[in-house]
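K.L.:
Assemble the dimeric complex from its two separately framed chains, guided by the hints.
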Amino acid sequence: GESVGLHLPTLSVQEGDNSIINCAYSNSASDYFIWYKQESGKGPQFIIDIRSNMDKRQGQRVTVLLNKTVKHLSLQIAATQPGDSAVYFCAENSGYSTLTFGKGTMLLVSP
Amino acid sequence: SAVISQKPSRDICQRGTSLTIQCQVDSQVTMMFWYRQQPGQSLTLIATANQGSEATYESGFVIDKFPISRPNLTFSTLTVSNMSPEDSSIYLCSVEDLTSGENIQYFGAGTRLSVL
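The listed protein sequences correspond, in order, to chains A and B.
Just so it is clear: in the first sequence, position 95 is 102 by our numbering, and no numbers are missing.
Just so it is clear: in the second sequence, position 35 is 272 by our numbering, and no numbers are missing.
Next up, chain B with everything else stripped away, as it sits in the complex (with noise of 0.2 Å):
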């Protein structure tokens, strides 16, 4: 499986500022996502993160929002934008090779991500 590694690990934030999460992976992959974890709840899927075009959001979530980035096969980076404390929580990033035969997605560890 791929290994996936996401940073910051955690932050602490100001209302308004913006923070980007980077995620790195060791291997070229087919597929990212962008996921967000409440606290104690489950995992909602932000978006797709496309090679080489816009990603592909999911109902309720806007690219002014959460911009995303995909540059190459191994990185992608998630920007929150104009933080409110609502917006705290875990941001996982998870990636899938399609071409290895499985569908399997595998999670980076997160962004604990706390707005004050």
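Next up, chain A with everything else stripped away, as it sits in the complex (with noise of 0.2 Å):
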């Protein structure tokens, strides 16, 4: 069946520098896309959503860039803090307020 994949299972920063989390996904029904960040021991926290008419969405130190025509979808955050660290989800939904989530990406932040 369709899925969301991500490209990068582990991401490792340095404090500070810019973090680029990428997606890929295979519905082109798709027409709503979200981005969670999940700590050790929580569930998952809404970042940033954007709806495909647009292709690209800021929000407090993250940006989500939407590419339709490769299917892709990105999560760019700035000025990466040790807080950032969690494990980053991107999910699909494809009208029917049911969400198809990607594998997720390890960010790991050091100081």
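Heads up, some of the hints might be wrong.
Claimed, not checked - Taking beta-carbon pairs under 7 Å as the criterion, some of the chain A residues facing chain B (in silico):
# : residue
1 : 35
2 : 50
3 : 53
4 : 68
5 : 104
6 : 108
7 : 111
If you're looking for bench data, these hints aren't it; they were derived computationally from the structure.
Cβ coordinates follow ideal geometry from the N, Cα and C atoms, glycine included.
P.N.:
Spelled out as structure tokens, the structure:
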């Protein structure tokens, strides 16, 4: 079946660097995408979302980019901090409120 | 965003027994969902908990194994029946309030289940 996946399972960065987490999706009918952050022992926390009629959306220190031509989603975190260390999941919604989650990327930030 | 409470937060159970997990939301919500997250893996949707009707199960999940209740717009339970070690996972409840105009799902902290 169609699925959402990630290119890199682990990303290690230095504090202050910018981080980029990538996600490939295969369902061309998906029209809504969400990035979640999951810290150890906690549930996923909403970070930012984007609809398919947009190609970029910015939040506080985070930016999501959507390239529908190649079915690619990315999360950019500016000035990464140790508190950003977590697993990041992309998720897609193909229109029925059910989310399909990607495999996840572990972000490790060194001080 | 809604505040979601799950109980228990963790449990250790013997094989063959059943565990019921509760999910309580601080506001009325349209949609409630149950997910499973196996160790080190991503989230897989088990079912959508429908208020006043049977839950809608995803492929690979059946009502006999994972019975779900949704008696009102703020509460749902998931039961893991006749447990085996393979059921050791984190079970997560999420909610989505369609009336808010958002399509964001918010998650509880999860229930960490270990089956011996």
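K.L.:
Hints first: check each against the structure and report whether it holds.
P.N.:
Hints and how they fare:
The beta carbon of residue 35 of chain A comes no nearer than 18 Å to any beta carbon in chain B, farther than 7 Å, and the hint placing it at the interface is violated. For residue 50 of chain A, the interface hint holds, the least distance from its beta-carbon to any beta-carbon of chain B being 4 Å, beneath 7 Å. At about 5 Å, the closest approach between the beta carbon of residue 53 of chain A and any beta carbon in chain B falls short of 7 Å, and the interface hint on this residue holds. The closest approach between the C-beta of residue 68 of chain A and any C-beta of chain B is roughly 19 Å, which is over the 7 Å cut-off, so the hint fails.
Restraint check, residue 104 of chain A versus chain B: the minimum CB separation of about 6 Å is within 7 Å; hint holds. Look at residue 108 of chain A: its Cβ gets to within about 5 Å of chain B, closer than 7 Å, so that hint holds up. Interface hint at residue 111 of chain A: satisfied, since its Cβ lies 5 Å from the closest Cβ of chain B, which is below the 7 Å cut-off.
Checked against the numbered hints above, the structure breaks hints 1, 4 and satisfies the rest.
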